[in-house]
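Q: Both chains are given apart, each in its own frame, so use the hints to dock them into the complex.
Here the protein sequences come in this chain order: A and B. Residue numbering for the first sequence follows this note's numbering, beginning at 1 and increasing consecutively. Residue numbering for the second sequence follows this note's numbering, beginning at 1 and increasing consecutively.
The list that follows gives simulated cross-link-like pairs (lysine-lysine, DSS-like), each with its CA atoms no further than 25 Å apart:
| # | chain 1 | residue 1 | chain 2 | residue 2 |
| --- | --- | --- | --- | --- |
| 1 | B | LYS68 | B | LYS78 |
| 2 | B | LYS78 | A | LYS41 |
| 3 | B | LYS24 | B | LYS78 |
| 4 | A | LYS56 | A | LYS17 |
| 5 | A | LYS68 | A | LYS56 |
| 6 | B | LYS24 | A | LYS41 |
If you're looking for bench data, these hints aren't it; they were derived computationally from the structure. Here the structure is a predicted model, which means the values were calculated and not measured.
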Amino acid sequence: ELKVEQNPLFLSMQEGKNYTIYCNYSTTSDRLYWYRQDPGKSLESLFVLLSNGAVKQEGRLMASLDTKARLSTLHITAAVHDLSATYFCAVDVLYNNNDMRFGAGTRLTVKP
Amino acid sequence: DAGVIQSPRHEVTEMGQEVTLRCKPISGHNSLFWYRQTMMRGLELLIYFNNNVPIDDSGMPEDRFSAKMPNASFSTLKIQPSEPRDSAVYFCASSPDPPQEYSNQPQHFGDGTRLSIL
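Same shape as in the complex, but just chain B (with noise of 0.2 Å):
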């Protein structure tokens, strides 16, 4: 089974220049989630989504930021215009329901988009 899918794997682009960061999900997961990892802050939950539907976006840093999850397989994480404080790996994870009492159901996470902004 294939794990969750992200793209690109690496992204080198000058400050003010749109970035779009992709993601497939693992096949059947309803919920979808996007991070951002820094030395500074750690892993930060940006936004979550469940059956397409965003559902917490307040770990977004601003409005430069924002999510889409068109379909069932299929999200994107864009920065438009981008600055070099956005540099961070950014994941995306699934699971395959949304938090259920009892359920024992880890988030499954992707390798991950190294994000440099020069």
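This is chain A alone, in the form it adopts within the complex (with noise of 0.2 Å):
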């Protein structure tokens, strides 16, 4: 069964610092996601990932993936208040019916 973990589950940072947020996945995967989610609201598609290797850059936010490793990162730099929310990463994998999965979620908090 795919599994994917998320960590931390919680952060709290300040801003303009720099954080991490790790996302492994248990089962070989052919396409990784993160998403935002901001309180009440909808997911918001961050990034695509589709290969080693893969980085991807949008503002404050990088993403990254090593498929051997089965492990993606979602890199911050320089935090700001605006990137608080919720940023889950997700696995499919294209053999098995589109078999989705998400991670629980790591709920982000950048105070001034």
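A: Following this line, the structure appears as structure tokens:
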């Protein structure tokens, strides 16, 4: 069974600091996603990572994928308050009827 | 372009009642997904349709839950009879193609239906 583990689950950080969220998954996967969810809101797609070594950046967020280690990271650079949200990674397996699993989410709070 | 549209946004009803949640996917998207989100269990995939056909319903919790997609622009998730433990936020998502190698299209989520069963 495909399992997706994120850590940390809760993260409180000061503005201007850097931090990394980790996403481990248990079986070979074909695509990894990062989503953002604001309280009471929907999920917004941030990144889709397709291959080993893929790196994508958008503003202060950078995501990478290591398929051999079954690990993805979401790195936050010089955090600002607007980044406060819950971040989910999700993994799907193409050849298993799109069995897609989400991590538990990392609730990020950026304090002034 | 309109996103995924779900209705109602909020639903409060008494246990035992039938509940119907509705979803209109993004036009041209041929994959549709229903998810349930709770604090205890996080985000769970309930069922997935491709070209209006249910592909995988292994996430549907029990027979009280059923989902249909009569055409490419509409899907329903029905709970009958509803129970308090069904209280959750239910999301519908769509994507423009079935999972294909090297496809970079994420799933687009609706705003969700917040369901409370009393």
